[in-house]
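S.K.: Sequence:
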Amino acid sequence: MDLHPGEEIVFEGHPSWRGVLSFYVKGLGIALAIGAILFFASTHAVGILAFVVVMGLVVLAGLFKRMATRYAITTERLNIRTGILSRHVQQTHIDRVQNVNTTQSVMDRILRVGAVDFDTAGTDDSDFTFRGVSNPAGIVAAVDRAQRIHRREVEAETQGPSSQGL
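Note that the sequence shown ends on residue 174 in the numbering used here; no numbers are left out.
A couple of the hints might just be wrong.
Unchecked claim - SDA-like mimics (lysine to any residue), calculated; alpha carbons at most 20 Å apart, straight line:
hint, residue 1, residue 2
1, LYS73, TYR32
2, LYS73, ASP135
3, LYS73, ARG95
4, LYS34, VAL114
5, LYS34, ALA58
6, LYS73, SER30
7, LYS73, LEU119
8, LYS34, GLY70
9, LYS73, GLY91
10, LYS73, HIS96
11, LYS73, GLY130
12, LYS73, ASP116
13, LYS34, ARG139
14, LYS73, THR83
15, LYS34, VAL66
No lab work stands behind these hints: they were computed from the structure.
Whenever a hint applies, use it, and build me the whole structure from the sequences.
M.R.: Rendered as structure tokens:
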């Protein structure tokens, strides 16, 4: 992410490894099912090999999913970048953020992760959410801090050198 002059990073990170854990659990179930079917329908070696291959693919997919997503909060913008080969970038100006909501399911609370949803001015259809982040309350605090810094900078610009000469 290229920063504008005077822009500072308040938060930058990826989804937590704990946020991808539910993906791994589902993948483990699928790998076990495929392995068991082939274990009994074919040879034991084929069933075990199928389990290992499917589980390896699940681990790689989870790793790529996590590392291919980057969240950033700066004093001017919120940014979500996803993708490795192809890219999808979502960005909004920090002063457009109106509401910040956190969501944690029971499993999320056990894993100490959650989702932070941002409602922005003028957008109804956009899903602007940091998913699977550890410490969702910390993300909310970072957005609040970025908004306060941005307001101070805007006020300093409007009360700049032209108002000092009066």
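S.K.: Please work out if LYS73 and THR83 have their alpha carbons no farther apart than 20 Å.
M.R.: violated (27 Å)
S.K.: Does TYR32 sit within 20 Å of LYS73, going by the straight-line distance between their CA atoms?
M.R.: OK: LYS73 and TYR32 at ~11 Å, within 20 Å.
S.K.: Does the structure keep LYS73 and GLY91 at a Cα separation of 20 Å or less?
M.R.: The given pair, whose Cα atoms are some 8 Å apart, holds under the 20 Å limit.
S.K.: Taken at face value, is the distance from the CA of SER30 to the CA of LYS73 at most 20 Å?
M.R.: holds (13 Å)
S.K.: If you draw a straight line from the CA of LYS34 to the CA of GLY70, is it 20 Å or shorter?
M.R.: Cα-Cα ~11 Å, so holds.
S.K.: Take a quick look at whether LYS73 and ASP116 sit within 20 Å of each other, Cα to Cα.
M.R.: holds (18 Å)
S.K.: Given the hint that LYS73 pairs with ARG95, test it: the Cα-Cα distance must not exceed 20 Å.
M.R.: holds (13 Å)
S.K.: Check the hint pairing LYS73 with HIS96 against an upper bound of 20 Å on the C-alpha distance.
M.R.: Within the cut-off at roughly 13 Å; holds.
S.K.: When you check the alpha-carbon spacing of LYS73 and LEU119, does it fall within 20 Å?
M.R.: Answer holds: LYS73 to LEU119 is near 18 Å, not above 20 Å.
S.K.: Tell me if the straight-line CA distance from LYS73 to GLY130 falls inside 20 Å.
M.R.: Measuring from Cα to Cα gives roughly 29 Å; hence the hint is violated.
S.K.: Is the Cα-Cα distance between LYS73 and ASP135 20 Å or less?
M.R.: holds (18 Å)
S.K.: Given the hint that LYS34 pairs with VAL66, test it: the Cα-Cα distance must not exceed 20 Å.
M.R.: Given pair LYS34, VAL66 holds - Cα atoms ~9 Å apart, limit 20 Å.
Checked against the numbered hints above, the structure breaks hints 11 and 14 and satisfies the rest.
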